[in-house]
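Turn these sequences into a full structure, and let the hints steer you where they fit.
So the sequences go chain by chain: A and B.
Counting in the working numbering, the first sequence runs from 1 upward without gaps.
Counting in the working numbering, the second sequence runs from 1001 upward without gaps.
In case anyone wonders, no lab produced these hints; they're calculated from the structure.
The hints are all genuine.
Covered stretches of chain B (in silico footprint by chain A; criterion: 3 or more residues with CB under 8 Å from a CB of chain A, positions within the stretch not fixed):
1) 1020-1029
2) 1068-1079
3) 1091-1101
Residues of chain A placed beyond 12 Å of chain B at every Cβ, according to the derived structure:
4) Arg38
5) Ser43
6) Pro45
7) Leu51
8) Glu56
No residue lacks a Cβ here, since even glycine has one placed at the ideal position from N, Cα and C.
Number of protein chains: 2
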Amino acid sequence: MVYIRKVESVFEVIAEPNRRAILSLLVSSQQSVGEIERELRMSQPAVSKHLRVLREAGFVESTVDAQRRLYRLNPEPLQELDAWLAPFRRFWSAHVDALERHLDRLEQTTPTKRKTRKRRRGPNREGKNGETK
Amino acid sequence: MVYIRKVESVFEVIAEPNRRAILSLLVSSQQSVGEIERELRMSQPAVSKHLRVLREAGFVESTVDAQRRLYRLNPEPLQELDAWLAPFRRFWSAHVDALERHLDRLEQTTPTKRKTRKRRRGPNREGKNGETK
DNA sequence: ACGTTATATACCTTGACAGGTATATTCTCG
DNA sequence: CGAGAATATACCTGTCAAGGTATATAACGT
Chain A
1 MVYIRKVESV FEVIAEPNRR AILSLLVSSQ QSVGEIEREL RMSQPAVSKH LRVLREAGFV
61 ESTVDAQRRL YRLNPEPLQE LDAWLAPFRR FWSAHVDALE RHLDRLEQTT PTKRKTRKRR
121 RGPNREGKNG ETK
Chain B
1001 MVYIRKVESV FEVIAEPNRR AILSLLVSSQ QSVGEIEREL RMSQPAVSKH LRVLREAGFV
1061 ESTVDAQRRL YRLNPEPLQE LDAWLAPFRR FWSAHVDALE RHLDRLEQTT PTKRKTRKRR
1121 RGPNREGKNG ETK
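Pasting the structure below:
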C-alpha cells in the first residue's frame, strides 16, 4: 500500500468553513490552539486537525511556547489564490467598463437631468504588483 | 422528504479542479457544452453536472442557441471571493512593509554599496471600491 | 516524580460528491 | 413525422473528508 502524500490544493483547503474561520481569526493576531478552540467553539481535536491541514498547505506556521503552540498566518497560499483571480478581475473590469460606456451612450442620446454620473476610475486596480505571483 | 436547497458556497464550488478549468475557459469567451467537453476532455454528463453547480451558484449563465446552450461567465461570485481576500491582502501588505522597514534598518546600520532599494508604494492597493460589497 | 494542562493522533462512522452508464428531453432538418 | 444531434438527469458506486471519542505525547508546576 504505497502512501501517496496528499497535497491539498489551496482551493480545497479553504473550502472548509472552519478552516476559513481559523484563517480569519489569525489575521488579527496569532493564537494558541486552545484560544481558537474557545473562540470558534470547536472541539480540540477538530481544531488540531484543521491546523494540520492548514500547516501542511502552508497557510499557517507555528511556534512553540511551553505547552502551547502559537499559530500565525502565512500569506503565500492566499497570494496564490489572489493571483488565480487576476484574469477574472480583468474580465469583470472589462464588463464594468462596457456597462459604463453603455450608460454613457444612453445618457448622450437621452439628455435628462445630467446629474451625478460617477467619473471613470483609472486603469483598473491590481496594478503591476500582485499578479506576477 | 422536504428538499433542502443545497446552496454551495463559492469556496466549495471552486474547490473542484474541473470547475475551475471551466471558469478559466469561459473567461475568454462563451462556450457550448460540447466545446467545453472537447477542450477539457471530460464526459458530457460530467460537464453538464459541473455547469449545473456553477449555474446554481451564479458563476455562469446560459442562453439557448437551438439545441446548444451557450454558457458565459458571471463575475459576482468571484467578486465575493475577491472581497473575502481583502483583510488578508491588508495582512500581507503590512508584512511586506514590515520586511522593508527591517531591511531599511539593516541597510542603515550596515552601510554597504547602497544601490537599488525599491521605493515604498502608496497606501496598499484595493482602493475604496471592491471590499464594501 | 506526579498530577495537570495543552496539543496531537488513531480509529471509527457518516455523509457528500464526482464520475460512469443509461436514459430522458428538446431541438433541427430532411 | 422520424432520425439524429445536443444537453440534462437518474441511478449506482467508490472515494474521501470531517467530526467524535479515546488515547498518546509533551511540558509545566509543586
